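A.B. asks: Residue-level listing of the chains:
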Amino acid sequence: MSSALSQGVPLSAYLLLSAVLFALGVVGFLIKRNLITVFLSIELMLNAVNLSFVTFACQWHAVKGQIFVFFVMMVAAAEAAVGLAIIIAVYRARATLSVDRIDLMKL
Amino acid sequence: MNASLHLWLIPLAPFAGFVLNGLLGSRLPRWFTTSVGLLAPLVSFVVVINSIRAFTGAAQLPYVETCPHPWISVGSLHIDFSLVLDQLSLVMLLVITGVGFLIHIYSVGYMRGDPGYARYFSFLNLFLFFMSTLVLAGNALVLFVGWEGVGLASYLLIGFWFQRDVAANAGKKAFIVNRVGDFGFLIGIFLLLSNFGTLAFSEISAKLAGNPAWQGGALTLICLCLLFGAAGKSAQLPLYVWLPDAMEGPTPVSALIHAATMVTAGVYLVARTHFLFDHAPAALAVIAVVGAATAIFAAAMGLVQNDIKRVLAYSTISQLGYMFLACGVAAYSAAIFHLVTHAFFKALLFLAAGSVIHALGGEQDLRKMGGLRKKIPITFWTMTAAVFAIAGFFPFSGFFSKDAILYAAFLSGRNGQILWFVGLVTALLTSFYMFRLWYMAFFGEARSPDVHPHESPWSMLAPLVILAVLSIGGGWVGAERFGAFLAPSVGEHAALSTIPHLELILSIVAVLVALEGWLIADKLYRRRPERAAQWAAALPWGYKILLNKFYVDEFYSAVLVKPLLAVSKFFLDWVVDKGILGGFAWLLAGIATYAGMILQRWQSGNLRSYAAWLAAAAAVLLLFLLIPWHADWAASLHIILKGAGAER
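Chains as they are written, first to last, in the working numbering: chain A, 1095 to 1201; chain B, 2 to 649.
Accuracy of the hints is not assured; some may be wrong.
For each label pair, taking beta carbons as the anchor points, the in silico distance ranges come out as [unchecked claim]:
| no. | chain 1 | residue 1 | chain 2 | residue 2 | range |
| --- | --- | --- | --- | --- | --- |
| 1 | B | GLY583 | A | ARG1186 | 28 to 36 Å |
| 2 | A | ALA1117 | B | LEU642 | 51 to 59 Å |
| 3 | A | ARG1186 | B | LEU29 | 38 to 46 Å |
| 4 | B | LEU642 | A | MET1167 | 39 to 47 Å |
| 5 | B | TRP603 | A | GLN1160 | 17 to 25 Å |
| 6 | B | ASP633 | A | ALA1189 | 55 to 63 Å |
Just so you have them, the derived chain B footprint on chain A, three or more residues with Cβ under 8 Å [stated by the list, open to error]:
| no. | segment |
| --- | --- |
| 7 | 1108-1117 |
| 8 | 1184-1198 |
Partial chain B-side listing against chain A, Cβ under 10 Å, derived [to be verified]:
| no. | residue |
| --- | --- |
| 9 | ASN51 |
| 10 | ARG54 |
| 11 | GLY606 |
| 12 | ALA616 |
| 13 | ALA619 |
| 14 | LEU622 |
Don't read these hints as lab results, they were simulated from the structure. Every value quoted in this text rests on a predicted model; they were computed, and no experiment measured them. Beta carbons are placed, not taken as given, at the ideal position from N, Cα and C, and that holds for glycine.
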């Protein structure tokens, strides 16, 4: 096998990095109040998933995982454009980016 | 049999008119509505006229048309949708479509300008559809369809001006009282089915003919049930109360449905099922008593009414009583004969009354009329013909038919003379109240000088003139010849008397009695108008009872309506509806509300709490994927409690 994985760095290291990145994303999403930070946390989670995708693609020589990553990146780009637009709109309307104060859906 | 007579066209032409006018009438021009509304009964009438040839040729009678597909076919029960034409249904059809067509023409003038013009004509056509179905029915179930249908049409047309509460309530009253009668009719049909296993009139008749010894018993019960239904539809005691209120409908409707055709359906029913009644003498006696009692009772109430249409309504009830009396003494052909002449002169009376009301701009109170003789001469002369006909003067049509009934009553058994005497008194009362109406409306001084009466348009006058001719000449055929024609349908009525010239003597007595009624009315309402009020003042008690119609409405209200309403209110409404049903609904609503109040705390609007729930749920799902699940729930639980590692 001529993959990167065979040259010493084990599979578990990649997966561990991915899990750590994902966990950081979740924690950031849950504890941060700034909407932009929350948004970046989402991106972090997406990229953690991307990492595990390419890891497995390389491990199993399956190109599907890599294709999936392209899809995720594409969606993430679109999401970033829309999300940032929403954030700007929210800021203009409410003059704040604190998620705790954006609670109009509350009963 | 020769070529088909296309009987199915008779009901279906008006039905097509009903559908066309009912769906499109209000969107299309008035001439379209008018022509559809008039064409439908005309087609029926032409088909009926055409079917007369079945009676002249060597055709097989009764002529039957059956729908190729059976209507109901369950086990041994087999009911066809069959139409039967015989002498009886031909006579009825001629009256229904003929008089019906005239009244349609009249309606064009009478209802001109009414916003519900198309609705009116579609209902009127619907009525003709059901009425001709009723008359043509070859079995009791098809007859019942028509029976209920005319009740529906009657309800729709009584409440035609439904914006007025009185009219809407009158419609409901008619419908509900008819339901009471229909209940009896329906039980009668069930009993027929259980006793004969068929509902076709011809088969029942054949079974009875093959078993002449079968008398009374179940047959009496069946006949009494049918009589109850007939009493509801034909406004006999004790179910007559709806007919006077039915006068809230448009006047042509009163003429067509509540005088000439629908209310005679009960008489028709008895004549159609005469083979049953012939085997149930007790039921026949009940019919005779009910008829005689209704005749005199209603005539007495008619004496003091001041609404021109209500006088005619009580008169109709009274004349229907005559027909029942005739049925009760098994003189079915006399009953049908009176039905026909009554259709002519009572339709004419109503139409003429409608013309008077039209001329006076909607006034119905006799006390505000007067002096109309010169103002509306055609209406006056046609009305006069009808008044003389109903009073029974020779040679008007009413004379012949009333005479036939009284003669048959006189000859019927032991108590025949009592029935005859009641009929005679009724004739006196009839003559009196009709001439009272005549004098109050057309003679003396105009009591509302500021109204300027005008004669009605030709579309209203033409039917009046035609009906006047029929009212005068409709009876000249003679009861004997009429009876001979009907004999194949309703059986021979051999009324032979041993006293010479009895019929002539009875006729003279009847005419003298009618004359007496005229003279009394003449004295009280023309020569000495103050005397009527004096009489009323001298007998305040009797006058009041009559004016309040024997308090029958009040009696029904106190004994039936109010207790029913009270039960509805206290038990059904408060206990069942608000208590049980409402309580259950409140319980369910309460559970939902409180569950919602608890669950709504989830909906905090806090983005991070949503995210936390999301993450927690994802974690739980992950946990579930990691645990090796077993088909055995207990084992899985064991693994969860002991930790995932316990498996290895």
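A.B. asks: All hints are to be evaluated individually against the structure, with a verdict given for each.
C.D. replies: We went through each hint and held it up to the structure:
1. B:GLY583 <-> A:ARG1186: 28 to 36 Å: This hint is violated: roughly 51 Å between Cβ atoms.
2. A:ALA1117 <-> B:LEU642: 51 to 59 Å: 27 Å, violated
3. A:ARG1186 <-> B:LEU29: 38 to 46 Å: Since A:ARG1186 and B:LEU29 have Cβ atoms about 60 Å apart, the given range 38 to 46 Å is violated.
4. B:LEU642 <-> A:MET1167: 39 to 47 Å: 43 Å, holds
5. B:TRP603 <-> A:GLN1160: 17 to 25 Å: Violated, at about 40 Å.
6. B:ASP633 <-> A:ALA1189: 55 to 63 Å: 59 Å, holds
7. 1108-1117: Three-residue rule not met by the segment 1108-1117 of chain A, so violated; n is 0.
8. 1184-1198: Coverage by chain B holds here, the residue count being 5 at a Cβ distance below 8 Å.
9. ASN51: 77 Å, violated
10. ARG54: At 83 Å from the nearest chain A Cβ, B:ARG54 fails the 10 Å test, so the hint is violated.
11. GLY606: 3 Å, holds
12. ALA616: 6 Å, holds
13. ALA619: 9 Å, holds
14. LEU622: B:LEU622 check fails; min Cβ-Cβ to chain A is 14 Å, beyond 10 Å.
Taken one by one, the earlier hints fail for this structure at numbers 1, 2, 3, 5, 7, 9, 10 and 14, listed in ascending order.
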